[in-house]
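**Student:** Now for the letters of each chain:
Number of protein chains: 2
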Amino acid sequence: MVRWQPDSRGRLEQAALALYAENGFENTTVAEIAARAGLTERTFFRYFADKREVLFWGASALQELLVAAVTGAPKGAAPLEAVALALQAAGAVLEERRDFSRPRQRVIAASPELRERELIKLAALAAALADALRQRGVPDPAATLTAEAGIAVFRVAVERWTTETPPRDLARLIGESLDELKAVTAGKSPPTPG
Amino acid sequence: MVRWQPDSRGRLEQAALALYAENGFENTTVAEIAARAGLTERTFFRYFADKREVLFWGASALQELLVAAVTGAPKGAAPLEAVALALQAAGAVLEERRDFSRPRQRVIAASPELRERELIKLAALAAALADALRQRGVPDPAATLTAEAGIAVFRVAVERWTTETPPRDLARLIGESLDELKAVTAGKSPPTPG
DNA sequence: CCCGTTGATGTCAGTTGCTGACATCAACGG
DNA sequence: CCGTTGATGTCAGCAACTGACATCAACGGG
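These protein sequence lines map, in sequence, to chains A and B. Start counting the first sequence at 63; every next residue gets the next number (this note's numbering). Start counting the second sequence at 63; every next residue gets the next number (this note's numbering).
Think of the hints as simulated: they come from the structure by calculation, not from any bench. Be careful, since some hints might not be right.
To be verified - Some chain A residues judged to face chain B by a derived CB distance under 7 Å, without partners named:
{"hint": "1", "residue": "T102"}
{"hint": "2", "residue": "T105"}
{"hint": "3", "residue": "I182"}
{"hint": "4", "residue": "A186"}
{"hint": "5", "residue": "L207"}
{"hint": "6", "residue": "E242"}
{"hint": "7", "residue": "L243"}
{"hint": "8", "residue": "K244"}
{"hint": "9", "residue": "V246"}
{"hint": "10", "residue": "T247"}
Said to hold, decoys possible - Derived DSS-like pairs: lysine-lysine, alpha-carbon spacing no greater than 27 Å straight-line:
{"hint": "11", "chain 1": "A", "residue 1": "K113", "chain 2": "B", "residue 2": "K113"}
{"hint": "12", "chain 1": "B", "residue 1": "K244", "chain 2": "A", "residue 2": "K137"}
{"hint": "13", "chain 1": "B", "residue 1": "K244", "chain 2": "A", "residue 2": "K244"}
{"hint": "14", "chain 1": "A", "residue 1": "K137", "chain 2": "A", "residue 2": "K244"}
{"hint": "15", "chain 1": "B", "residue 1": "K137", "chain 2": "B", "residue 2": "K244"}
{"hint": "16", "chain 1": "B", "residue 1": "K113", "chain 2": "A", "residue 2": "K244"}
Backbone N, C-alpha and C define an ideal beta-carbon position, used for all residues, glycine too.
Sequences are here, hints too, so could you generate the full structure?
**Tutor:** Written out as structure tokens, the structure is:
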């Protein structure tokens, strides 16, 4: 006979996402989440640093993926190209878990507190990207700016992926947003294309 | 005889910044802040929504400034040019209160919780900028991306302004970062300039 | 000049997020 | 068979934040 059900972490995550979606983040107590997962509040805080982190603990894996993609980009690739490859890799992960990622994004978008946490996670991703670029020999502030701009592109693409209906392919949205950024920073005036 | 000392809000802000700088954000209680300002905890929460907001209540004024600058930019100005003007205007405000702004930035940089709040404030600025661009006829996602990229430039510039020694002129740092962004998105390869 | 209103502040009790210290007890290994 | 391990529970406590109500100088109409 098993003393405890397996995958406490996963059960807590599922319970939290469901309750945040049903009642909103602010109207959900940690005690409720724990109860739905068949655990206690104290155990929740053993797995997650705080009430928000339950939706973000996967971020470190994403970060490693991004860094690996930049590091593994072709030698001749320009910094922004390397970042673009990384964003596509990250996008593929989200697309893979579409049925989890999209509701999660909606829950985050609905809560200022969760948005704060998302922004700092994205900032951490940007910092890691910048680091990886520096290791490729890209000097600062170019490295930081490329990384920040890349994350901005990613954010815009994911937001459109989450809200647009009918939903489009994330990879395509990332590509489009990147092209749009290039156009806009090239100094093109809005009403007169070309 | 005055019943209360004037400018409770300002006293609370000063007390909070001083205590955050001395002991760190996490090691400071709201009760301590209130006591130093000669007030009670309850009064603190009447002025500020939470313990972090005390360092950010000026953000709405900055937002109005940015929007006004974009709206008032010359008719022919490209989106990124309009945003650049806005960033310079915002930078001028920070430079004006240099002796307050720089320590404040350092306190924020030292605390993850305060960084979270700063990021969401900057995201709000980006959203407002994007709105102002749309009112100039810039379509999405160009408007959003221009605004996001502009805020990234601003963030990088302010960070350098806060940490570099000796401190350089913020206006110049903003200009340089913007040029750097343009170069980087133009596809320039890192080791081979030109 | 008096009195009712106003508004900034104080007091107090309560909820919730979060933490440290200690207890429990099946599983596992020697 | 027993000692250790590790995931979990229990409990007490602090700090952030909130709602309800009290206070009382200042202000203005009568």
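**Student:** If you test the structure against every hint from before, which numbers come out violated?
**Tutor:** Of the numbered hints given earlier, those the structure breaks are 1, 2, 4 and 16, listed in rising order.
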